[in-house]
Amino acid sequence: MFQIEIEHLNKSYGHARVLKDISLQVPLGAFVALVGPSGCGKSTLLRTIAGLEKITSGTLKIAGVVVNDKPPRERDVAMVFQSYALYPHMTVEDNMTYALRLRHRPKREIAERVADVAEILGLGLLLGRTPRALSGGQRQRVAMGRAIIRDPKAFLFDEPLSNLDASLRVKMRGEIRKLHQRLGATSVYVTHDQIEAMTMADMVVVLRDGAIEQVGAPLTLYQQPVNRFVAGFIGSPAMNFVPAILVDDGNSLLLGGDAACRLRLGQRRAPGRAVLAGLRPEHLTLGGVGKAQTFAARVESVEGTGSMTFIEMSIAHGATAGAGDAVMLTLAQSGISTVRPGDRVTVGIDPADIYVFDPDSGLALQADPAP
Amino acid sequence: MKRSLLTGVAVVLAALYLFPVYWMFVTAMKTSGEIFQYPPAFWPASPHFQFRAVFASYNLGRYIWNSLLIATGTTAITIVLGTGAAYALAYVRGFAVNVALFAILMLQVLPPSLMVTPIFVAFNQVGLLEWPRVAVVLATAAKTLPFYIILCRATFTQVPRELRDAALVDGNSRVGAFLHIILPLARNGILITGVLVFLQSFGEYVYSRSLIADKELQTATVGLSTFLGADANDWVGLMTYSSLYVTPILLIFVVLQRRIVSGLTSGALK
Amino acid sequence: MISQLLKTLRDGDGFEAALVLAAIGYLLVFAAFPLVYNIVMSFQEVDMFSLASFDRPFRGLDNYRDLIQRPEAWEILRNTIIFVSCSVVFQLGLGFALALFFQLDFPGAGAIRGLFLAGWVMPGLVVGAIWKWIFAGDFGVLNYALHSAGLIDKNIFWLSDPAYALAAVTIANIWLGIPFNMILLSVGLAGIPEDIYEAAELDGANRWQRFMSITVPLMGSTLGAVISLGIIFTLQQFDLVAALTQGGPANASNIAQYWSWQMSFQTYEISAGSVVATLMIAVVVVVAAIYVRSVQHEHSA
Ligand SMILES: Nc1ncnc2c1ncn2[C@@H]1O[C@H](COP(=O)(O)OP(=O)(O)O)[C@@H](O)[C@H]1O
Ligand SMILES: [Mg+2]
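Residue numbers (the working numbering), protein chains in the order written: chain A, 26 to 396; chain B, 25 to 294; chain C, 18 to 318.
In short, the hints are calculated from the structure, not lab data. Careful, some of the hints might be misleading.
[To be verified] What the simulated footprint calls covered on chain A by chain B, stretch by stretch (three residues with Cβ under 8 Å from a Cβ of chain B suffice, anywhere in the stretch; the number is not a length):
1. 94 to 100
2. 156 to 167
3. 368 to 379
[Claimed, not checked] Straight-line C-alpha distance at most 25 Å; calculated BS3-like pairs for lysine-lysine:
4. 95/A x 196/A
5. 79/A x 171/C
6. 24/C x 178/A
[What the hints assert, rightly or not] Residues of chain B placed beyond 12 Å of chain C at every Cβ, according to the derived structure:
7. 70
8. 72
9. 79
10. 81
11. 89
12. 142
13. 163
14. 173
15. 198
16. 209
17. 212
18. 215
19. 227
20. 233
21. 239
The structure displayed is predicted, hence computed values, not measured ones. No residue lacks a Cβ here, since even glycine has one placed at the ideal position from N, Cα and C.
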């Protein structure tokens with residue numbers, strides 16, 4: 026059972042195509058994150074669902090009903106805006122009850138709901154204030170309250186946490202997640218922050234330039250990115266991409282085309298061509314342990330946060346690349362590291378953790394069980 | 025020390041500039057003999073006003089009443105037609121909107137003294153001059169409407185569009201979102217711009233002079249101009265007339281000064 | 018069909034469209050139509066007798082030819098140019114000086130500056146009446162002031178002396194235009210970030226150099242807008258002429274917009290009035306287009 030169904034949706038502003046052939050199905054009760062770089066059309070997609078933007082072609086169904094031509098008020102969705110969009114001339118209570126009053130709900134019911142929501146969000150003491158008199162975090166809560174006081178068919182969030190400071194953001198992440206577990210309402214959550222998407226959602230949709238790149242559970246996107254864009258976008262710090270050549274009948278590759286950096290692959294790929302090797306910083310280890318195989322590198326810079334250390338390195342001698350055109354890699358390690366710039370180190374990686382991409386199309390190269 | 029000196033200079037400059045206004049009030053407080061003294065007195069020997077006499081002899085009540093009627097009618101038409109248009113032009117984007125805005129800007133600059141000829145002829149042909157004050161209201165509103173739309177639009181652009189979006193998602197129609205959410209938030213700008221339109225039409229001259237033939241229906245400006253003929257010499261009376269006419273305008277201005285200045289500056293250059 | 022219309026009016030773009038169309042419709046009838054009608058009449062024979070007629074003789078360009086052959090045409094054109102250019106130059110100069118002065122940081126700057134607008138809210142006709150009294154020949158306070166300062170020894174008959182009438186109207190108009198210029202220029206000045214001046218000061222620029230190298234170039238588009246608006250407002254000025262001189266004596270202070278009105282409403286040469294109006298409107302529209310451009314330029318900058 027799908028709560029929101031989008032089929033071949035297109036949206037253009039004049040000649041600019043902002044959404045390109047989007048098809049997406051959001052299961053009832055799911056928490057779906059739309060993630061992608063800024064300007065990729067996330068807000069536009071969300072606003073078409075809300076009915077704030079007309080779609081150019083395609084169909085959009087909410088709870089099984091085609092809503093293409095319905096105005097927002099007939100779609101019964103609730104939305105939390107990035108700027109919160111609280112009505113400045115109304116008190117917190119009036120802000121939250123506005124939708125219910127528009128629907129002429131009985132006074133008693135409205136009062137009960139306000140009490141409930143205020144309790145859930147800890148807004149009890151603020152009900153009589155105007156938005157002006159609230160802090161950023163409090164405004165954010167009121168915006169949430171205005172959405173959950175209704176019992177809408179879906180919640181739409183447009184980067185609701187991006188105006189909060191870092192620690193509050195982490196806290197609210199958890200609270201929104203808990204709220205979702207408690208209410209079980211279908212939610213579409215837009216963010217440009219992949220960590221937010223990965224930690225909050227059941228299902229992540231990666232958008233780029235108005236088109237869907239991949240849809241999947243957070244860990245699926247992490248483990249099986251379909252292309253270089255998704256692989257680079259999901260995970261922090263970002264995946265290293267290193268030009269490489271497949272050798273050994275597709276069972277190994279040479280990083281930077283250098284015979285000294287020969288890595289066996291977990292699974293065989295179709296042989297005989299130049300590829301891009303994808304190595305996640307957190308999969309690289311210094312020295313190499315267990316099943317890891319190793320190659321040599323030179324430390325260029327070290328950044329430590331205490332809990333994590335990020336080591337920037339160049340591969341010893343890039344034979345394919347021109348002189349001085351060294352291949353750079355980032356390695357992420359927990360804790361504090363003792364290496365210094367200039368050190369020669371041995372770097373290890375598990376064969377199963379090596380991703381391989383086509384350098385032209387960017388598509389992930391799947392295992393090729395032949396020969 | 026140096027800064028308060030600057031304040032002193034500023035006060036002197038303002039006093040110099042406002043001297044004509046001062047001179048109007050002082051003259052109004054003199055006697056008919058006093059004004060022809062040489063050298064002129066910068067403060068009357070025994071200040072007194074001749075409000076009543078001027079009101080009666082110049083038929084001022086009648087004139088002011090006509091001016092009020094015309095200003096009220098003009099302001100009403102302007103606000104009713106202009107507010108919605110200003111909102112729509114602030115919230116909708118696109119080529120057509122740019123064209124409309126350009127056209128409105130162009131209509132704002134048309135000098136009434138040049139437009140009055142075709143308006144007079146056309147109104148005469150369709151019989152509108154039978155109701156001369158209505159004719160003046162209709163013509164003046166065509167002048168104040170573009171001015172009002174442009175200033176008000178600046179106010180509406182300050183109201184975030186996400187508020188309208190929130191109202192729509194909360195279940196309102198576009199009409200409702202406009203009336204309940206956007207309009208209340210633009211209230212101050214609308215009020216100030218409305219006051220400016222009222223003041224402008226309260227002092228309107230060209231259309232009243234040209235479209236109203238009946239003396240009983242003429243406005244305070246036209247009245248003043250007829251008494252101002254070449255042989256005018258009752259300067260006490262004329263300055264009393266002027267003082268009575270502009271004092272309410274100046275009072276409104278003083279009360280709303282800060283907002284008028286900021287409203288004007290936000291709209292005029294945008 | 019009807020229900021669909023209602024729906025788009027309530028929930029669709031129809032609502033905004035209807036709001037704009039209502040205003041535009043009004044302006045089409047009461048502003049755009051007269052504008053076109055004016056042009057039409059400038060090619061027709063319109064006088065007392067054909068005033069109410071819908072079928073008037075067509076005269077082509079004859080009205081225009083007749084007009085430029087009138088002896089007073091060139092004098093009035095010259096007056097108009099002097100009136101506009103002197104008004105704009107002095108309004109701008111004095112307004113800019115005042116704006117710069119009030120830009121200095123001292124107590125009460127904003128409030129005192131606001132007082133200047135009092136002149137701007139007063140009806141033009143009242144301002145004209147006051148100036149008429151100030152300009153009065155025998156008992157006017159201006160002549161007294163000039164005497165006391167030793168600048169003149171015989172009274173100037175500002176309004177009845179052909180040598181001074183245009184100057185009198187211009188002075189009153191400058192007075193009227195100063196506050197608006199000053200306020201707009203103040204806004205422009207306030208828009209120049211303080212740190213640019215500080216950087217220039219660190220670079221060793223003195224006050225005058227900072228003014229010439231920062232203020233003037235950065236005020237460029239504001240100045241363009243203010244000059245255009247000054248021209249537009251000056252070309253709209255009618256009340257002062259009506260109150261002060263009525264164009265006299267013998268057209269010495271007559272300007273195009275007043276002349277147009279005189280011909281239409283006092284001598285009933287409506288065709289001729291329309292010709293002048295058409296030509297003047299063309300000028301105003303060109304200036305307004307420059308104004309709009311400079312404002313848009315400022316926005317994209
Ligand atoms: N009203 C509009 N007119 C024209 N282009 C628009 C409009 N709204 C958004 N866009 C364009 O659509 C693209 C996607 O915008 P948006 O959905 O806001 O991106 P995101 O939320 O992912 O940052 C952007 O390139 C933006 O410039
Ligand atoms: Mg966005």
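These are the hints, each one checked on the structure:
1. 94 to 100: Since 3 is at least three, the answer is holds.
2. 156 to 167: violated (count 0)
3. 368 to 379: Coverage by chain B is violated here, the residue count being 0 at a Cβ distance below 8 Å.
4. 95/A x 196/A: Violated - the C-alpha atoms of residue 196/A and residue 95/A are around 36 Å apart, more than 25 Å.
5. 79/A x 171/C: Measuring from Cα to Cα gives roughly 77 Å; hence the hint is violated.
6. 24/C x 178/A: Distance ~23 Å between residue 24/C and residue 178/A Cα, so the pair holds.
7. 70: Since the minimum Cβ distance to chain C is about 19 Å, residue 70/B lies beyond 12 Å and the statement holds.
8. 72: holds, 19 Å
9. 79: The claim holds: residue 79/B sits with its nearest Cβ about 16 Å from chain C, beyond 12 Å.
10. 81: holds, 16 Å
11. 89: holds, 16 Å
12. 142: violated, 4 Å
13. 163: violated, 6 Å
14. 173: violated, 6 Å
15. 198: violated, 4 Å
16. 209: The claim holds: residue 209/B sits with its nearest Cβ about 17 Å from chain C, beyond 12 Å.
17. 212: holds, 17 Å
18. 215: Given a closest Cβ separation of 16 Å, the condition holds.
19. 227: violated, 3 Å
20. 233: violated, 7 Å
21. 239: It holds; residue 239/B is separated from chain C by about 16 Å at its closest Cβ, greater than 12 Å.
Checked against the numbered hints given earlier, the structure breaks hints 2, 3, 4, 5, 12, 13, 14, 15, 19 and 20 and satisfies all the rest.
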